[in-house]
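These are the residues of each chain, in order.
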Amino acid sequence: MGRFWRRLYFMLHRRRLERELAEEMETHRDLMPTDRRQHFGNAARLQEEAREAWSWAWFEQLSQDLSYGIRVLWHAPGFTLGAVAVLALGVGVNLAEFQIFDAMILHRLHFRDASAFLQLSHVSKQGPRLGFPSGAVEFYRSESQSFAWLVSEEYLDIVVEGDAGVRSDLVSGDYFVNLGIVPAWGRLLDRRDAEPGAAAVAVVSYPYWQTHWGADPHVVGRVFHVNNQLVQIVGVAPYDFDGLSPRRTDLWLPLIVRPQLLIGSAPLREDFSRASEALFGKLKPGVSQAAGEAELTVLTRELARRQRAFRDDERIQSEFVQASMSRTFAHSPAIAIFVVMVLLVLLSACANLGNMLLARGLAREREIHIRMAIGASRARIVRQLMTESFLLAVLGSAAGLVFGGVSARLLMNALGAAANFRPSMSWQVVFAGLVLTLLSAAAFGLPSALQTARPSSRKVHLRRSLVGVQVAVSCLLLISSGVLAHNGVASASVDLGFDYRNMVVIYPQLYAQQLTVATARQEMDTLSVRLSAMPGVEGATAAVAPPLGGRVMFENLPGLPRVYRNVVAPSYFTVMKLPLLRGRSFAAGEQNVAIVSESAARAMWPNRDPLGKILNLTGADRTIVGVVKDSGANLLVDADSVEAYLPIQAADVERSALILHTRTDPAELVRMIPAIAAEVKQTVSVVLMRASRDSFLEGQRRMITLIGSIGAVATALAAAGMFALVAFTVAQRKRELGIRIAIGATPRHILGVLLSQNGKPTGIGIVTGVVLAAVLSRLVRSLVALQKNNAVDVIGFAAGIAAFVLVAALATLSPAVRALKIDPSATLREE
Amino acid sequence: MLILRVLRSGPLHGYAIAQRIRQLSGEVLEAEEGSLYPALQRILVQGWVAAEWGTSETGRRVRFYRLTPDGTKQLKRELQEYEQAAAAIKAVLRLA
Chain X
11 MGRFWRRLYF MLHRRRLERE LAEEMETHRD LMPTDRRQHF GNAARLQEEA REAWSWAWFE
71 QLSQDLSYGI RVLWHAPGFT LGAVAVLALG VGVNLAEFQI FDAMILHRLH FRDASAFLQL
131 SHVSKQGPRL GFPSGAVEFY RSESQSFAWL VSEEYLDIVV EGDAGVRSDL VSGDYFVNLG
191 IVPAWGRLLD RRDAEPGAAA VAVVSYPYWQ THWGADPHVV GRVFHVNNQL VQIVGVAPYD
251 FDGLSPRRTD LWLPLIVRPQ LLIGSAPLRE DFSRASEALF GKLKPGVSQA AGEAELTVLT
311 RELARRQRAF RDDERIQSEF VQASMSRTFA HSPAIAIFVV MVLLVLLSAC ANLGNMLLAR
371 GLAREREIHI RMAIGASRAR IVRQLMTESF LLAVLGSAAG LVFGGVSARL LMNALGAAAN
431 FRPSMSWQVV FAGLVLTLLS AAAFGLPSAL QTARPSSRKV HLRRSLVGVQ VAVSCLLLIS
491 SGVLAHNGVA SASVDLGFDY RNMVVIYPQL YAQQLTVATA RQEMDTLSVR LSAMPGVEGA
551 TAAVAPPLGG RVMFENLPGL PRVYRNVVAP SYFTVMKLPL LRGRSFAAGE QNVAIVSESA
611 ARAMWPNRDP LGKILNLTGA DRTIVGVVKD SGANLLVDAD SVEAYLPIQA ADVERSALIL
671 HTRTDPAELV RMIPAIAAEV KQTVSVVLMR ASRDSFLEGQ RRMITLIGSI GAVATALAAA
731 GMFALVAFTV AQRKRELGIR IAIGATPRHI LGVLLSQNGK PTGIGIVTGV VLAAVLSRLV
791 RSLVALQKNN AVDVIGFAAG IAAFVLVAAL ATLSPAVRAL KIDPSATLRE E
Chain H
1300 MLILRVLRSG PLHGYAIAQR IRQLSGEVLE AEEGSLYPAL QRILVQGWVA AEWGTSETGR
1360 RVRFYRLTPD GTKQLKRELQ EYEQAAAAIK AVLRLA
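From first to last, the protein sequence lines stand for chains X and H. The opening position of the first sequence corresponds to residue 11 in the working numbering, with each subsequent residue numbered one higher. The opening position of the second sequence corresponds to residue 1300 in the working numbering, with each subsequent residue numbered one higher.
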């Protein structure tokens, strides 16, 4: 008979064996001489030890602890609900965040073999570029042997039925087929649509179909105007497809229609004028990434000999699409801040839970003392308390999963995320949730349990420090929310100074055509003259970095705020309505001069006349000839910004953009500009300045939504924490308070007693929170643009602290009132 | 080990085991006598002793514990280990 079977036998015959053991021990004591009986030991404890020897004692104890724990929690519903709610909040926020990450990175590309997709780029001495000219893409496609397929997409702003700013992707004919996409309605694009002479057709995205076409299935077959060309809709893309590039797409059109939409562009095969197509591919089985890159590099060198579109030293590089996506995402500073805040919420929840457990331990002091008196060891008590903590953790993680799922969905909606960013409850999410709760229960249940099981009651220190941590974290979160929200409001109300509503930016991209300096200048002048002649145009100017655009040039000079540099035409200041405060504007053809903004002048030459001073910028000494007002556009992005302007030179022309100021709504012009540009054989992209501003503020709004939601959770936690704290104090000191009232304490006195108990740690917590918030906001400033110049945003801080105090006061109210209503005689009779 | 040694000479009941250990050790080992029972339960589970109810010399119903072949082997092993350890300690003490 093996050991296992003996154990099992003992388990099964436990009752009889216990009886027999007791009888045996009884006999033994009887046989002992009376004077030696005390040498026998504690019979109950010895029996328990013996029982442990027989069986899987830990298992028995666990089931005992569990059933006891369940009973204890059941009989204290207030405590149980509170603790579960606190855990659910802390864990739920983390889960929601995890789900959003999961949706955005891990599962953004949910089509077959998504992990094998490569994005290609070409690298030269000038750095890597993602855009390929159409001619090259067609050449690779016909010549390459190592790729199973190569598809490309090109971003294009189009006008649909007069609606400007519709985002479209021009894609190769086999794009959808190779990605394995199945249409929601109708059909998707295929090879026939990419054949020369095919009718122009389009596929609409699911969200665009819903918002602009009322989700009407009869949309298939409809004909509409895209850039004044007739295009037929053949289908609707599936709900979760949004292209390969991380941006929203409303419409897909075959690349072959580009010459129709953009008058003047050459047929694909011959078009090397602009490097605009993003190229993706999948290698044939057995072909290495290096071999694929090498083959395309050889093809590219061959093209470089024939075409000027590539340089001789060009190499092809490839990167897995998923890898590059998660990299861009992880580098976003906003995400870093978000992660830190979310972890702080968890910390606050944990401190909260620890405090509740500790207070609960105090309330159970009698019970625990009795158990220890009848022979329970300290380890045994700790194990019992930890079992209860883990029960709470399991309940909390279940509630957290539900809360996390709901809040992820709400957040995604609030963020206006694209349809294919959908949060899903995967096993990773569930697992992460369980691990988080178990860890937090262990981290904060254990110290409390150890303290509770300590016979001498020195629980004050741990409890005070937990109160301190909780208050500090809540304060930090509320202040951060306050600062960031205030910042968002401030940037929405920044006065841009110029008439951004009526401004259009035109990017001619002459640099892509590799023109000589003289030709470029000529082309630009022609274009400028033609566009200025349009009806309603009030003024035109040129700049290399148009305001609110994607181009920013700045320089970090020692001891100065970041200097935003721009290269502008002499008319820039007039058109942008930037008044000259001192000196003059540039003269035509002038070199080695500069104009600075008033804040730059103040920072560089405080209390001195900036005119005539020398500033070294881009490697040349420049004389300051004028001072202008600060540009609102840079203030929006960076409140500390100072600016310097250099005169435009002949060599800058090919890189510069045209800025038009109109008398009326420029939306109509957006449709006309490409056609006019086409007349002089130019292809341009046109951007409304107000659209750039809106999308910038939209990003800010999302950030505020996120931060605000975390702030809300932090508030809820702070409230729960303060409530629990005071409620337990009242419960614990009921007798004492009763006696105080009986001997004539006033309500003010009672409140004083209640508040002073936690007063000191709360005070320390608030101070720590404020200091941490100040440090954090310094860090944040280096990551995102804040509107206020001073390091400590007083209004934001005040709002955060006020919110905390208000919440704390409200949470304290109901238990405090209960304390005042204590009936002394009833309380004293109770014991 | 002591229990196993005491049982080598024949089956005994609990009180007798305690008495024997006390006598043999010359009243030096005077731990809680009750702790004998958890120890007995542990070696019962190990299978080194077997138990059986019977009647004592004074006519009381008692449980007799008897060494099993496994128990004999275990005792031999433990004695050997003990002697080795004791010899080592002795050697160290002599040299030091």
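Calculated from the structure, these hints are not laboratory results. Some hints could be false.
To spell it out: a stretch of chain X is covered by chain H in this simulated footprint if at least three of its residues, at any positions, have a beta carbon under 8 Å from a beta carbon of chain H; those stretches are [as the list claims (entries may be wrong)]:
(1) 47–55
(2) 354–365
Pair ranges (Cβ atoms, derived) [what the hints assert, rightly or not]:
(3) X:A53 <-> H:Q1345: 52 to 62 Å
(4) H:K1372 <-> X:E58: 36 to 46 Å
(5) H:Q1345 <-> X:V416: 52 to 62 Å
(6) X:I80 <-> H:T1357: 22 to 32 Å
(7) H:A1384 <-> X:R16: 24 to 34 Å
(8) X:E58 <-> H:Q1345: 16 to 26 Å
(9) H:E1356 <-> X:Q48: 58 to 68 Å
(10) X:E58 <-> H:A1387: 49 to 59 Å
(11) X:H471 <-> H:V1344: 26 to 36 Å
(12) H:K1372 <-> X:H471: 52 to 62 Å
(13) H:R1307 <-> X:E58: 24 to 34 Å
(14) H:E1380 <-> X:D40: 34 to 44 Å
(15) H:E1331 <-> X:L765: 15 to 25 Å
All values reported here derive from a predicted model rather than from experimental measurement. Beta carbons are placed, not taken as given, at the ideal position from N, Cα and C, and that holds for glycine.
Where does the structure disagree with the numbered hints, that is, which hint numbers, in rising order?
-> Numbers 2, 3, 4, 6, 9, 10, 11 and 15 - these are the hints that the structure violates, sorted from lowest upward.
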